[in-house]
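Given these sequences and hints, build the entire structure.
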Amino acid sequence: MRRRWLAAVAITMASVLGLAGCGGSGGGTASPAATGGGDAKKQVEVFSWWTGPGEADGLKAMREIFEKGNPTYTFFDAAVAGGSGDKAKALLQSKLQADTPPDTFQGHAGAELQGYIKAGDLEDLNSLYDELKLKDVFPTQLIDQISVDGKIYSVPVNIHRSNVLWFNPAVLKDAGVAAAPKSIDEFIAALEKVKAKGKIPLSIGSEWTVVHLMESVLLGSLGTDAYNALFKPGANWGSPEVTKALNSFKTILSYAGDPQDDWQPAAKQVADGEAAFNIMGDWAYGYFHNPPDGGLGKKSKTDFDWAPSPGTEGTYLWLSDSFTLPKGAKNRDGALAWLKVAASKEGQDAFNPKKGSIPARKDADQSLYTDYLADALKDWSSNKLAGSVQHGVSVNQPWLASITEAVGLFIGSKDVAALQKGLVDAATANAQ
Amino acid sequence: MRRARTWLPGLLLVTPSIIAIGVFVYGMLGWNFRLAMTDKHDEVSEGNFVGLKNFVDIWDQPRWHISVSHAIMFTVVFVLGALALGWLLAFLMEKGIRGEGTFRAIYLFPMAISFVATGIVWRWLMNSGMEQRAVGLNRLFDWIGLPQWQWFRDPDWGMAAMALPAIWQMSGYIMALFLAGFRGVPEELREAARVDGCTEWGVYRYVVLPMLRPVTLSALIILGHISLKVFDLIVAVSGKQIITDVPAVFMWVAVFDSHDPAKGATIASYIVLSVAVFVIPYLIWSVRKERRP
Chain A
1 MRRRWLAAVA ITMASVLGLA GCGGSGGGTA SPAATGGGDA KKQVEVFSWW TGPGEADGLK
61 AMREIFEKGN PTYTFFDAAV AGGSGDKAKA LLQSKLQADT PPDTFQGHAG AELQGYIKAG
121 DLEDLNSLYD ELKLKDVFPT QLIDQISVDG KIYSVPVNIH RSNVLWFNPA VLKDAGVAAA
181 PKSIDEFIAA LEKVKAKGKI PLSIGSEWTV VHLMESVLLG SLGTDAYNAL FKPGANWGSP
241 EVTKALNSFK TILSYAGDPQ DDWQPAAKQV ADGEAAFNIM GDWAYGYFHN PPDGGLGKKS
301 KTDFDWAPSP GTEGTYLWLS DSFTLPKGAK NRDGALAWLK VAASKEGQDA FNPKKGSIPA
361 RKDADQSLYT DYLADALKDW SSNKLAGSVQ HGVSVNQPWL ASITEAVGLF IGSKDVAALQ
421 KGLVDAATAN AQ
Chain B
1001 MRRARTWLPG LLLVTPSIIA IGVFVYGMLG WNFRLAMTDK HDEVSEGNFV GLKNFVDIWD
1061 QPRWHISVSH AIMFTVVFVL GALALGWLLA FLMEKGIRGE GTFRAIYLFP MAISFVATGI
1121 VWRWLMNSGM EQRAVGLNRL FDWIGLPQWQ WFRDPDWGMA AMALPAIWQM SGYIMALFLA
1181 GFRGVPEELR EAARVDGCTE WGVYRYVVLP MLRPVTLSAL IILGHISLKV FDLIVAVSGK
1241 QIITDVPAVF MWVAVFDSHD PAKGATIASY IVLSVAVFVI PYLIWSVRKE RRP
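In order, the protein sequences belong to chains A and B. All residue numbers for the first sequence refer to the numbering used here, where the first residue is 1 and numbers rise by one. All residue numbers for the second sequence refer to the numbering used here, where the first residue is 1001 and numbers rise by one.
The set of hints was computed from the structure by calculation and includes no laboratory data. Please note: incorrect hints may appear among the correct ones.
[Unchecked claim] Derived lysine to any residue pairs resembling SDA-like cross-links, with alpha carbons at most 25 Å apart:
#	chain 1	residue 1	chain 2	residue 2
1	A	K232	A	S254
2	A	K298	A	S367
3	B	K1053	A	D425
4	A	K268	B	V1121
5	A	K87	B	W1064
6	A	K232	B	H1041
7	B	K1095	B	R1194
8	A	K197	B	D1142
9	B	K1229	A	Q93
10	A	K195	B	P1155
11	A	K327	B	Q1148
12	A	K421	B	P1062
13	A	K197	B	Q1148
14	A	K327	A	N70
15	A	K414	B	R1194
16	A	K133	A	A170
17	A	K197	B	V1121
18	B	K1040	A	G120
19	A	K250	B	W1064
See below:
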């Protein structure tokens, strides 16, 4: 009898321990402390979604600078794959809610960070900005866009452009389109000409690439000031101008080919000469241009070419990746050391040519940026700025989710009135 | 004292499970329903009790109607498809095919794969490109002259296509269930029917099938609850696009993109309730059956 008792107790204990063990390992995935042991204090956990070709190389280049300058810290790469940071943001949110933040995490600069700021997840970085005199080296307009009540919560590493029209010069020539269209009307006329030749006029990817397309059409149709006003208090999304823009959007979308799985296959259709146009951010340049292990190895200006998306010349529809300092970071000093590298000229010039973006700093070494990037650098310093919707500059995450929902429903229904109502409701519910 | 010795060890054995299930299943369910009845529409607000308001309001959202109708179409095609295919496979096995073990293993193999892996393979198979751009099934159909299709991107019947990978994955399991059922029918009964002049079809129609009712019901419950909760397959095939939206994906978007915990909890509650509609009658039925001598 006694032995049966003992056995029962032993099994009970074992199952309790087993449960605890499961809980521990489930919550601790990718946690550096679990593997580091005594060295855990010196690890700096850097959370990003840079895993693809180009971006991962850029991160590695920055990491090397960081490790050279900070021999007491080791870099822990907590990157989560997935374009635009979809999956990474979900994991990040659960980490923040469990009060186990990474030491620093990537976020799109601008409104996207507001959720974290409101929830009190982030420390402001004003002292760092003062220490490094960063307000002098970043463009004033950029500092304005990423400040909340005079406080800055992130360090922008790079600048991307969203309003880029990629096209295949051979397909355009064949269709009798002389140059890249400069207005929405010219664009529609060009799409019609390509259609007559039996090619795909405009390639699109999954749902988010259509939201991306819409922001460029809105900017091109409304103009920069009216576009920027849409995200200020008292904005009127119900105006006839927006209706007109959305009708153009509907017309343009009617020329779209079959939706591809993501932005890469859609861009590839242009590079392969199956499609004429694609509107995508300038990360597509790296994909077109890089050698075949990560890109398509195409020649710029002959296999593919670019222009500001129709009607948006002179405006830089920007987005920026930035790093933050979460409250309660295990290794706050290590995180600050990382932010200093991310903010430095050396760090940004190492990262950006690889990632295919331009540095947020004004004093970058211009000779490093060639071909498309030289164009981008020139435009960045001379153009007016407008903030991207899809990439978190102008709208926060709930607002973007509502816009995405309205556009997703529109793809099915093609109902402009319903789309506009959806956008009006989204703005009313979420405007800051 | 002696009596305690007989029941106490057993109780101790199951106590951890009872506590774990109590906290992590029923506790969380209760917490979820409570959250669904508050107005906690962002992460920082406290959330006041609003009763069933969220449950009513969600029906005003066009996206909810779409995801519910998608879930219904997926469930109907998946459950009927897997039942029919599983039954057919079991029937063929039962007719004494040579190398039965091999075939059984082949049909069961998909069960060992996760829905995510299945989804990634079928995303390619069901690529919507046509003619020169066709790959996967459309390429095959092009070769053999069958009409090509947009598959899961078809605006009306896309969710029926989405059920195909699920049918592929689960029909082997249903086959195993039915095969066990077939084998459980005593040979004497079939012989008796044959002696009475019953055709082979009649033997199945009037003898075997009625005896398979419990198996069919179990299969229906298993498939039904998988189907109503489906998430991983959809995300692996198409991501979180509205064209293939289902309640579980909508819930994910509500929580992680819209940052609206109350809405997410409301959708989660509806998913639990819809599964309960399947499971509870089954539980009642099986408990009653067990009580019968």
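- prompt: Does D1142(B) lie within 25 Å of K197(A) when you go C-alpha to C-alpha?
  reply: Distance of about 23 Å is within 25 Å: holds.
- request: Verify the proposed pairing of K298(A) with S367(A), using a straight-line Cα cut of 25 Å.
  value: Cα-Cα ~22 Å, so holds.
message: Hint check: K268(A) vs V1121(B), CA-CA at most 25 Å. Holds or violated?
response: 21 Å, holds
query: Are the Cα positions of K327(A) and N70(A) separated by 25 Å at most?
result: Since the Cα atoms of K327(A) and N70(A) sit roughly 22 Å apart, the hinted pair holds (cutoff 25 Å).
field: Proposed proximity, S254(A) with K232(A) (alpha carbon, max 25 Å)
entry: It is violated: about 31 Å lies between the C-alpha atoms, which goes past 25 Å.
- request: Verify the proposed pairing of K421(A) with P1062(B), using a straight-line Cα cut of 25 Å.
  value: 12 Å, holds
task: Starting from K327(A), check that the Cα of Q1148(B) is at most 25 Å away, please.
output: Outside the cut-off at roughly 54 Å; violated.
- prompt: When you check the alpha-carbon spacing of K232(A) and H1041(B), does it fall within 25 Å?
  reply: 22 Å, holds
task: Quickly compare the C-alpha distance for K1053(B) and D425(A) to 25 Å and report which way the hint goes.
output: 19 Å, holds
field: Pair hint outcome, K87(A) versus W1064(B) [Cα-Cα no greater than 25 Å]
entry: With a Cα-Cα distance of about 23 Å, the restraint between K87(A) and W1064(B) holds, given a limit of 25 Å.
message: Checking one constraint from the list: CA of K197(A) to CA of Q1148(B), max 25 Å. Satisfied?
response: Cα-Cα ~23 Å, so holds.
- prompt: Is it true that the CA of K1095(B) sits at most 25 Å from the CA of R1194(B)?
  reply: 16 Å, holds
Hints 1, 11, 15, 16, 17 from the earlier list are contradicted by this structure; the remaining hints agree with it.
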